[in-house]
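Q: Residue numbers (the numbering used here), protein chains in the order written: chain B, -15 to 311; chain V, -15 to 311.
Hints were generated in silico from the structure; no laboratory data involved. Treat the hints with caution; some may be incorrect.
[As the list claims (entries may be wrong)] Ranges of calculated distance between the beta carbons of each label pair, as one might list FRET restraints: (1) 109/V to -2/B: 47 to 55 Å; (2) 138/B to 271/V: 40 to 48 Å; (3) 118/V to 46/B: 18 to 26 Å; (4) 110/V to 240/B: 55 to 63 Å; (5) -2/V to 208/B: 55 to 63 Å; (6) 219/V to 250/B: 47 to 55 Å.
[Said to hold, decoys possible] Calculated lysine-lysine pairs in the DSSO-like style (CA-CA distance at most 27 Å, straight line): (7) 207/V to 118/B; (8) 118/B to 221/V; (9) 239/V to 77/V; (10) 45/V to 221/B; (11) -2/B to -6/V; (12) 240/B to 26/B; (13) 118/B to 118/V; (14) 118/B to 45/V; (15) 118/V to 45/B; (16) 221/V to 83/B; (17) 221/B to -7/B; (18) 118/V to 4/B; (19) 45/V to -6/V; (20) 83/B to 4/B.
[As the list claims (entries may be wrong)] One-sided and incomplete, this derived list gives chain V residues near chain B with beta-carbon spacing under 10 Å: (21) 67; (22) 101; (23) 128; (24) 132; (25) 272.
Beta carbons: idealized from backbone N, C-alpha and C, even for Gly.
There are 2 protein chains.
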Amino acid sequence: MARGISDYKKLADKAIGELKLQRGTPRGLFEPIAYMLDGGGKRLRPVLLLACCDAVGGDAKMRLPQAAGIEMYHNFTLLHDDVMDRSPLRHGKPTVHSKWDVATAILSGDAMLTMATQLMVEGLSDSEAAETLKVFNDTAMLVYKGQQLDMDFESRTDVTPDEYLEMISMKTGALLAGACLLGAIAGGVRNAETGRVLYKYGMKLGVAFQIQDDLLDTYGDEKVFGKPIGGDILNDKKTWLQVNALQSRSGNELKKIIAGKELQGEAKIAAVKGIYEREGIKEKLTMMLEGIVAGAVASLDSVKGEIKEESYVLLRSIAEKLTGRVK
Amino acid sequence: MARGISDYKKLADKAIGELKLQRGTPRGLFEPIAYMLDGGGKRLRPVLLLACCDAVGGDAKMRLPQAAGIEMYHNFTLLHDDVMDRSPLRHGKPTVHSKWDVATAILSGDAMLTMATQLMVEGLSDSEAAETLKVFNDTAMLVYKGQQLDMDFESRTDVTPDEYLEMISMKTGALLAGACLLGAIAGGVRNAETGRVLYKYGMKLGVAFQIQDDLLDTYGDEKVFGKPIGGDILNDKKTWLQVNALQSRSGNELKKIIAGKELQGEAKIAAVKGIYEREGIKEKLTMMLEGIVAGAVASLDSVKGEIKEESYVLLRSIAEKLTGRVK
Chain B
-15 MARGISDYKK LADKAIGELK LQRGTPRGLF EPIAYMLDGG GKRLRPVLLL
35 ACCDAVGGDA KMRLPQAAGI EMYHNFTLLH DDVMDRSPLR HGKPTVHSKW
85 DVATAILSGD AMLTMATQLM VEGLSDSEAA ETLKVFNDTA MLVYKGQQLD
135 MDFESRTDVT PDEYLEMISM KTGALLAGAC LLGAIAGGVR NAETGRVLYK
185 YGMKLGVAFQ IQDDLLDTYG DEKVFGKPIG GDILNDKKTW LQVNALQSRS
235 GNELKKIIAG KELQGEAKIA AVKGIYEREG IKEKLTMMLE GIVAGAVASL
285 DSVKGEIKEE SYVLLRSIAE KLTGRVK
Chain V
-15 MARGISDYKK LADKAIGELK LQRGTPRGLF EPIAYMLDGG GKRLRPVLLL
35 ACCDAVGGDA KMRLPQAAGI EMYHNFTLLH DDVMDRSPLR HGKPTVHSKW
85 DVATAILSGD AMLTMATQLM VEGLSDSEAA ETLKVFNDTA MLVYKGQQLD
135 MDFESRTDVT PDEYLEMISM KTGALLAGAC LLGAIAGGVR NAETGRVLYK
185 YGMKLGVAFQ IQDDLLDTYG DEKVFGKPIG GDILNDKKTW LQVNALQSRS
235 GNELKKIIAG KELQGEAKIA AVKGIYEREG IKEKLTMMLE GIVAGAVASL
285 DSVKGEIKEE SYVLLRSIAE KLTGRVK
């Protein structure tokens, strides 16, 4: 019987449970790792990896270490990002450096990166392992470069939409793309082109994901989104909304709001949303999001004959879910 | 012609130079990495790796990526350790988080770990790469566990000499041991036992190294040691000297000095050295150091027939240099 998203999520949770992180010693090293991975979450990256494994004729159940590995890597980036951003909370829970300390957060994160690398090659043939390691490391380097660009952008007001797109492609897109390609390799994909197309599908998915997140932060439903709406505006965060608005005719007006620091709270949110409204930013980005999702589906269509029908339907549904949630 | 230590050091410097880190982009990610690796230093780990490669019949010149990889890994641990310890200086130069910031230090360190992994397998066959990756990752996990134990020990006064030995075996010994075994694998070692013995040699070397460092911090010559003598005593650092003295008949007296915080500066150094003197700590540890170095040489002797004569002489000289430098 065909596996659905919830089946893949269960497999991902099982993969992580089997690591028995609570039993690792020294406890000071492994408890924060167990805490990070215990957080639940959508497990999107292992779901994609396992689904792409099945898609090319592999068996997801045989590739649980890879599923655990990609989720471990993702959580490593979250753990270190939280230290770098000095975030006190993640999903309403204290972050590792808040609950323990910065040294613990750094060291446990380092161990997570090494453990992720170990898991990625577990149970693979030497040639599969070599290919997997190359894709995994290349993906990781893109993630760091994207993170660095994101940091570089903080002090700039002249970031172009293309630069922003490049940054989120690396910071968010690369890992979803890598998850898809790594799943295909783990599934023994025979046609290298199929792997490359699944990589592109994952990349578009990741970019669409980030744009949706940017949109929801300003236009989402607080109950569904899970955090207060307007946070990005209040923090002057470089989102695609802001980047595009800064390039519009109202760009100077927005620059003054950001530099002036006079407007606060709801008044600031209203003023910035007013600029977005006037410049049609929301409509522009909603269309862009739909275009990118359509691109992801088009990628899938181009390998429809190469992957399982049920996998095609599932991967397509993941992409299409990304539209239609914006008020 | 046989290569000497300075030849291997030159090869290691060449390996690092060929990475062209100054040209990497985004510059914010790669400049701190270049800064870390530009620091000079003895390059002990790549020297051991390359020497063990030659020792088993390989050609060190063919394995420069592995030499760069092990030095990259070592410098990654130093970079993150400096953040964790909040050290402002390393070898008299500002640390990365002092010169840039904590976020930069964390992210550049993360990239160094991934780059080290990439370098470790560069140019190897799939089966060599699989073996190398396993040893490298296992070594890295030992390093993190050792670092965690070191942190755990900070708040304890009942650490036994055996526990301390286990900690430095992991924190310092594992990477030197790993360098030797990885060098043997990179050199195409045929007899797995030879690799295991070189690992043990490196482990003993690492432990001896740490003990020597502990001794020199209290009994060294400031001009040779390169930093003020007595720093470990002033900071109540858990060294083998302190751990052994705490277990002696004068243990309670030492505990009071540490807990009391009344004695400062030279007076504290003199009081603690007085305890060490009375309990014969220096003599005990000097003998232990000589025993461990003798053990490293005995390991080498046991594979004398399996490795090149010139390599045997060189590796033996590295071990023997570790004795006789204590006043």
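Q: Hints first: check each against the structure and report whether it holds.
A: These are the hints, each one checked on the structure:
For residue 109/V paired with residue -2/B, a C-beta distance near 34 Å fails the hint of 47 to 55 Å. Restraint check, residue 138/B to residue 271/V: a C-beta distance of roughly 57 Å breaks the suggested window 40 to 48 Å. Restraint check, residue 118/V to residue 46/B: a C-beta distance of roughly 20 Å satisfies the suggested window 18 to 26 Å. In this structure the supplied range 55 to 63 Å holds for residue 110/V paired with residue 240/B, their Cβ-Cβ distance being about 59 Å.
Roughly 57 Å separates the CB atoms of residue -2/V and residue 208/B, a value that falls within the hinted 55 to 63 Å. Checked against the given bound of 47 to 55 Å, the beta carbons of residue 219/V and residue 250/B, roughly 51 Å apart, stay inside it. Proposed proximity of residue 207/V and residue 118/B is contradicted: the alpha carbons are some 46 Å apart, above 27 Å. For a cut-off of 27 Å, the pair hint linking residue 118/B to residue 221/V is broken: about 41 Å separates their Cα positions.
Restraint check for residue 239/V and residue 77/V: not satisfied, since their Cα atoms lie roughly 34 Å apart, outside the 27 Å limit. With a C-alpha separation of about 49 Å, the suggested pairing of residue 45/V with residue 221/B is violated against the 27 Å cut-off. Taking the CA atoms of residue -2/B and residue -6/V, the gap is about 49 Å. The hint is violated against a cut of 27 Å. Between the alpha carbons of residue 240/B and residue 26/B the distance comes to roughly 39 Å, so the proposed pair goes past 27 Å and is violated.
For the hint linking residue 118/B to residue 118/V, the alpha-carbon distance of about 15 Å falls within 27 Å, and the restraint holds. Taking the CA atoms of residue 118/B and residue 45/V, the gap is about 23 Å. The hint holds against a cut of 27 Å. Between the alpha carbons of residue 118/V and residue 45/B the distance comes to roughly 23 Å, so the proposed pair stays at or under 27 Å and holds. Distance check on the hinted pair: residue 221/V and residue 83/B sit about 25 Å apart at the alpha-carbon level, within 27 Å; holds.
Between the alpha carbons of residue 221/B and residue -7/B the distance comes to roughly 31 Å, so the proposed pair goes past 27 Å and is violated. At roughly 20 Å between alpha-carbon atoms, residue 118/V and residue 4/B fall within 27 Å of each other, so this suggested pair holds. For the hint pairing residue 45/V with residue -6/V, the CA-to-CA distance comes to about 11 Å; that is within 27 Å, so the pair holds. For the hint linking residue 83/B to residue 4/B, the alpha-carbon distance of about 21 Å falls within 27 Å, and the restraint holds.
Taking 10 Å as the C-beta cut-off, the interface hint given for residue 67/V holds, the closest approach to chain B being about 6 Å. Interface hint status for residue 101/V: upheld, as the beta-carbon distance to the closest one in chain B is roughly 6 Å, under 10 Å. Because the closest C-beta pair between residue 128/V and chain B is about 4 Å apart, less than 10 Å, the hint holds. Of the supplied interface hints, the one on residue 132/V holds, with its beta-carbon coming within about 4 Å of a beta-carbon of chain B, less than 10 Å.
At its closest, the beta carbon of residue 272/V sits 25 Å from a beta carbon of chain B; the interface hint therefore is violated under the 10 Å criterion.
In summary, the structure is inconsistent with hints 1, 2, 7, 8, 9, 10, 11, 12, 17, 25 from the numbered list given earlier, while agreeing with the others.
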